[in-house]
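Enquirer: With this note's numbering as the guide, the letters of the sequence shown map in order to residues 1 to 478.
Watch out, some of these pointers could steer you wrong.
Derived CB-CB ranges, DEER-like [to be verified]: (1) THR354 x ASN18: 46 to 52 angstroms; (2) ALA180 x GLU53: 33 to 39 angstroms; (3) ILE141 x ASP386: 45 to 51 angstroms; (4) GLU351 x ARG35: 30 to 36 angstroms; (5) GLU116 x THR354: 33 to 39 angstroms; (6) ASP57 x ARG186: 42 to 48 angstroms; (7) LEU304 x PRO455: 32 to 38 angstroms; (8) GLU138 x GLU53: 28 to 34 angstroms; (9) GLU138 x ARG218: 33 to 39 angstroms.
Worth flagging that the hints you see were computed from the coordinates, not collected in a lab. Ideal Cβ placement from N, Cα and C applies to all residues, glycine included.
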Amino acid sequence: MYIGLDLGTSALKAVLVNGADGAVAAATAAVATARPRDGWSEQNPAGWISAAEAALDALSRKADLSAVRGIGLSGHMHGATILDRNHEVLRPCILWNDTRADAEAAAMDADPIWREITGNIVFPGFTAPKLAWVSRREPEIFARVSKVLSPKDYLRLWLTGEVVTEMSDGSGTGWLDVGARDWSDRLLAETGLDRGVMPSLVEGGSASGALRAGLARRWSIDPGVPVAGGAGDNAAAAVGLGVARAGQAFVSLGTSGVLFAATDGHAPDPATAVHAFCHALPGTWHQMGVILAAADALNWLSRLTGRKPDELTADLGEVRAPGRALFLPYLGGERTPHNDAAVRGAFLGLEHATDAKAAARAVLEGVAFAIADCRDALEATGTRIDGIVATGGGARSDYWLGAIASVLNFPIGVPAAGDHGAARGAARLGRMAATGEGAEIATPPEISRMIVPNPDLASSYSDARERHRAAYEAVRNF
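Using the sequences plus the hints, can you model the full thing?
Expert: What follows is the structure, given as structure tokens:
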């Protein structure tokens with residue numbers, strides 16, 4: 001059997017799968033996020049360890065783990081986990097959705113060398129500008145930096161004692177030469193760092209170390225079980241969903257929203273604000289359009305109305321033409337296609353008749369329009385999309401998927417019941433590390449049904465999307 005650990009923004013999930021890739025057991029544990037200032041988002045890495053312990057303890061109570069032969073890791077990307085020479089954490093991790101390093105990112109992005117080497121815009125959420133921010137604002141901490149890890153790689157350090165990352169998470173730091181799949185000494189030097197501060201690099205399905213003996217005894221796992229390189233959350237989800245070859249794609253409605261497409265080669269086009277990263281599979285890359293608030297936007301409306309997200313979306317009926325109310329989901333800035341850390345969300349066109357259902361539909365539609373912006377950005381790079389599958393908590397809403405299908409004018413496949421996301425992908429990578437298998441086991445799930453666009457709504461969605469585009473221009477400097 002194989003374990004996959006996915007460190008999400010709000011929870012850590014552990015899954016256990018058997019040798020036939022069937023689900024055996026799963027467990028989750030909550031992770032807390034602090035927002036001490038506007039635009040800041042932080043987590044205490046000790047909370048990740050506590051969550052992993054709780055999830056693995058729960059998993060061991062549900063199933064016998066003595067047959068586990070490999071472990072894979074996944075996690076939210078771009079987080080700056082800063083350690084001293086004793087591997088002690090120097091400050092809370094600055095997360096992917098933290099925009100404090102906007103000025104530092106803009107300064108880096110103004111130098112053409114960054115886009116030339118990485119193939120990407122330097123977004124404020126990337127790791128490199130966060131270290132530049134620490135250098136300027138917390139110089140006493142920067143002087144003590146010995147290692148910089150992504151969140152899942154801090155879990156690896158705890159599990160194995162090894163300081164390692166892999167290509168997909170490395171791509172999101174801003175320091176990786178994505179085409180060469182190696183750290184860029186030039187870009188590290190630009191940030192006052194060197195290769196010695198970086199973790200070693202492995203491919204996602206390669207072994208990065210072995211589970212420490214004490215932890216192996218705790219969960220009755222054989223000592224020496226390999227821990228795979230793993231992947232950033234979206235690349236891991238792609239492995240779980242079988243998105244491994246050019247033309248395959250998925251749309252994720254998690255805390256953030258992602259349109260992810262596998263590519264056979266590195267095809268950067270920074271001007272589109274598309275992320276061009278290494279895939280977790282050797283010799284493979286991918287492109288992503290990323291929006292910072294998808295389910296997070298619905299959660300915001302939930303807090304505002306006092307109704308649970310599932311309640312807000314439960315009785316919306318059949319997908320209908322967009323109403324007058326318009327929602328811009330830029331609650332903490334936006335990445336694709338705008339690269340705008342300063343813009344904020346908005347409700348427009350509210351009227352006396354706007355009730356909770358109308359507001360919920362507007363939020364779902366606003367995210368759908370933002371996903372369509374991502375699709376246009378990917379197409380502008382020449383990326384081909386032949387099929388899309390859905391994942392993430394928001395994919396439980398047929399209304400949401402129907403709105404996205406209608407605005408994209410493209411059918412969306414819904415996998416059959418089961419977890420096919422990042423944790424499953426991490427478990428598959430753990431299996432690769434244990435058995436030597438490769439991309440051939442990253443197979444697509446069974447599709448239970450297709451959500452197809454409604455041709456009768458094409459015109460109304462097109463008109464509403466034009467209003468969405470105009471609304472961004474109207475509020476961007478507000």
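Enquirer: Each hint needs a verdict: does it hold in this structure or not?
Expert: Evaluation of the provided hints:
Separated by about 50 angstroms at the C-beta atoms, THR354 and ASN18 satisfy the suggested range of 46 to 52 angstroms. In this structure the supplied range 33 to 39 angstroms holds for ALA180 paired with GLU53, their Cβ-Cβ distance being about 37 angstroms. For ILE141 and ASP386, the hinted distance range of 45 to 51 angstroms is satisfied, since their beta carbons lie about 47 angstroms from each other. Judged by the Cβ atoms, the range 30 to 36 angstroms given for GLU351 and ARG35 holds: they are separated by roughly 32 angstroms.
The given range of 33 to 39 angstroms is broken by GLU116 and THR354, whose C-beta atoms sit roughly 48 angstroms from each other. In this structure the supplied range 42 to 48 angstroms holds for ASP57 paired with ARG186, their Cβ-Cβ distance being about 45 angstroms. Range check, LEU304 to PRO455: about 34 angstroms between beta-carbon atoms, so the 32 to 38 angstroms window is met. Evaluation of the 28 to 34 angstroms hint for GLU138 and GLU53 yields a pass: the beta carbon distance comes to about 29 angstroms.
At roughly 36 angstroms, the beta-carbon separation of GLU138 and ARG218 lies within the given 33 to 39 angstroms, and the hint holds.
Of the hints listed earlier, the one the structure fails to meet is number 5.
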